[in-house]
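K.L.:
Given chain Z's structure and the hints, the job is docking chain G onto it.
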Amino acid sequence: MASTITLEETNPDTADFPETFIPGEKKILGLEMQVETPENVLLSYQLAGPSQRYVAYLIDFLIRTIMLIAIFMFFIAPMMGLLMPGAMLGLFFVIMFLNTWGYYTISETFFKGKSIGKHVCGLRVIREGGYPITFWPSLLRNLARSADSIILYGVGITSMLMTQRFQRLGDLVAGTVVIQERSLTLPRKPIILNKIKPLDKNDIGSFLPRDEVLSLIDEFIGRRHVLTYERGHALAAQMAQRLAKRLHYSGDEKKVSQYPMAFLASVYKTFSFGQIEEEQELLDEYKRRSDSQGDIYEET
Amino acid sequence: MKKHKFIHQRRPQWKKFEQFLRQVSSRSLSKLPADKISTFSQLLREISHDLATIRSRGWGHELTSYLNDLVARGHNLFYSAPPTNFARFYRYLAADFPRLFRANIGYFLIASLLFFLPMGVSWCVVQNKPELASRVIPEEYLSQFDNMYGEEGGLNSDTENTTEGNTDSEESEDSETDSFGDQRATMAGFYINHNVGIALKCFALGVLLGLGTVYTLLFNGIFLGAVSGYIISQGNGDRFLSFVISHGSFELTAIAVAGGAGLMLGNAIIHPGQRTRFQSLQVRGLEAVQIAGGAAAMLVVAAMIEAFWSPADIPNIVKYSVGSGLWLIVFLYLTFAGLQSDRRLPSQHSLSNSPQQGDQHR
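The listed protein sequences correspond, in order, to chains Z and G.
Taking full-length UniProt numbering, the leading residue of the first sequence gets 1, the next gets one more, and so forth.
Taking full-length UniProt numbering, the leading residue of the second sequence gets 1, the next gets one more, and so forth.
If we strip away everything but chain Z, and leave its shape as in the complex, we get:
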């Protein structure tokens, strides 16, 4: 999303950066699935692709096999020697049946859409509306597995590649999707900008960059390790030059061209933290006032 913006596409007269997030826009290809909640908020889920699901399947398969062997060796076989060998064998058949037809349904129903393999791979089955899966849809999608598994899951994989949400036949019938669960981590708030000095007020004009721009710089600096040094520099240089122009930056020209990343960081620091002291005062005042009225946030 925001990180894929290229500066070339912008029209300098109208906007700093283009709007890329348009809610409800139909995506042609992508791993995002969007759902509107009853709170009227668009949620986006990260869909799981065939390869991830295949790994989860392999793990589940391994667990199922080991489970069957273990039950037979440590429970059925010793008991067969002691009493009722026939009944024990019958029980084993029933366990085998449950293992074949019930493993996924039972685990998905009781562990909120996760089998063990899915849990390991960080996947979860949900219904298309974003709701958790219940017994009948789960049973349906897992019974249909026998249709999907024809020719080594050839039918299922074909179906996954032909649908936008990577659904196999079972998912299509039951109205479910498999999503990736991401870990909850609040982005680290301020990047360590101690070494960076804000721009001198005398060097810049009155232009104020928009919030989106500052957020973009924030994320860019936070994720700079993802890129190689040269590539990062090349990208930062474009943005730095553009920004310097808008700001009518009259300071050290060398700083913009040779250390674009540092320049961006100082722009960021100038506009994000410049007013922080003033804001803090306002906030304190607001708090003092709301404390007397009993703030709901304090109660909860």
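Treat the hints with care, since some could be wrong.
[What the hints assert, rightly or not] Lysine to aspartate or glutamate pairs mimicking EDC-like chemistry, simulated, CA-CA at most 20 Å apart:
1) Lys269/Z with Glu46/G
2) Lys2/G with Asp211/Z
3) Lys3/G with Glu219/Z
4) Lys36/G with Glu62/G
5) Lys269/Z with Glu253/Z
6) Lys269/Z with Glu230/Z
7) Lys5/G with Glu219/Z
8) Lys112/Z with Glu46/G
9) Lys5/G with Asp211/Z
10) Lys201/Z with Glu128/Z
11) Lys36/G with Glu46/G
12) Lys269/Z with Asp200/Z
13) Lys2/G with Glu253/Z
14) Lys3/G with Asp211/Z
15) Lys254/Z with Glu230/Z
Treat the hints as calculated values from the structure; they're not laboratory data.
From a predicted model like this one, the values you see are computed outputs, not experimental measurements.
P.N.:
Relative to chain Z, chain G alone:
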């Protein structure tokens, strides 16, 4: 408001919600005290609002996805379905399954036709010309059937599993004196694993435009008919019929029921009506799987009868009368069970997840 101030201000709420999520996911939401639930719901809405704010201001992908995941998890918990319990299971078997079955009886009739008609035809043909049996049934099965249903071959115990017919007499004596029902418990498990598996597969293959179901029904119909015809033509008719009549009631009907459910799936794709094909598949699929589940339950009953009652050493006349009684029970169950609760309010259809189901019962 600046991004960092916003984060700074809202972060305590987010952390609190995270903690809630961790707490609740180990237990059920309904087990929390009431005030906690209301806090949870308030937090969920607040954070939904935060997410919308952040999106509209374009405050960065990372922050958005963090809040998005928070809301998504909360959403998942908050709108989770009530847990299933035994009362529901009983209600399903006593009312919901037969009712759904009757609402979609057309598919069952077609499946019956696809199953029983070829069965009758191949039965008649093979009974009149037993030499044709080998066209359908492999030779080694034929000799096995001769052993099983022949004069000296005991139907007791595990003959169907093991091909060694010679040791049968000894084993059957053992099983009767030593531990009655022990060998048969093996067969019960085997039948459950084998027969229910076939029925469920028959249903599931309906996703392939119903072709898989039609094939399974035709194949099993022809095969079973040929087997019956062959065994009767060999002069073992009385032993065979007294064996199959009891569990046949549940077993054969259940196969047709499962087949009908499979045809529902196929037809939902072929004739979606006013829905899109996928929508139609989802709505009808949810009904179909509930019918198939009922068929599976019937097959479990059939497996018990087949294992413990059918091979028992009981005069044939008793078996015939009990068998007919079972056919009557199946008929009555599918025709009348849950009929009274049809008059209840549609809102009490606890299991029907889609409004369309409720419509059909009225």
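K.L.:
Is the straight-line distance between the alpha-carbon of Lys36/G and that of Glu62/G 20 Å or less?
P.N.:
Distance ~29 Å between Lys36/G and Glu62/G Cα, so the pair is violated.
K.L.:
Tell me if the straight-line CA distance from Lys3/G to Asp211/Z falls inside 20 Å.
P.N.:
holds (8 Å)
K.L.:
Verify the proposed pairing of Lys36/G with Glu46/G, using a straight-line Cα cut of 20 Å.
P.N.:
This hinted pair holds, its Cα atoms lying about 15 Å apart.
K.L.:
With a cut-off of 20 Å on the C-alpha distance, tell me whether Lys3/G and Glu219/Z pass.
P.N.:
Roughly 12 Å separates the two Cα atoms, so the pair holds.
K.L.:
Below or equal to 20 Å on CA atoms is what counts here, so check Lys269/Z against Glu46/G.
P.N.:
violated (29 Å)
K.L.:
Hint check: Lys269/Z vs Asp200/Z, CA-CA at most 20 Å. Holds or violated?
P.N.:
Holds - the C-alpha atoms of Asp200/Z and Lys269/Z are around 11 Å apart, at most 20 Å.
K.L.:
Decide if the proposed pair is consistent with the structure: Lys269/Z and Glu253/Z, CA atoms, cutoff 20 Å inclusive.
P.N.:
holds (19 Å)
K.L.:
Are the Cα atoms of Lys269/Z and Glu230/Z separated by 20 Å or less?
P.N.:
The hint is violated at about 23 Å.
K.L.:
For the pair we were handed, Lys201/Z and Glu128/Z, check the Cα-Cα distance against 20 Å.
P.N.:
violated (52 Å)
K.L.:
For Lys5/G and Glu219/Z, compute the direct alpha-carbon distance and say whether it is at most 20 Å.
P.N.:
OK: Lys5/G and Glu219/Z at ~17 Å, within 20 Å.
K.L.:
If you draw a straight line from the CA of Lys5/G to the CA of Asp211/Z, is it 20 Å or shorter?
P.N.:
holds (12 Å)
K.L.:
Between the alpha carbons of Lys2/G and Asp211/Z, is the straight-line distance 20 Å or under?
P.N.:
It holds: about 8 Å lies between the C-alpha atoms, which stays within 20 Å.
Comparing the model with each earlier hint shows violations of hints 1, 4, 6, 8, 10 and 13; every other hint is respected.
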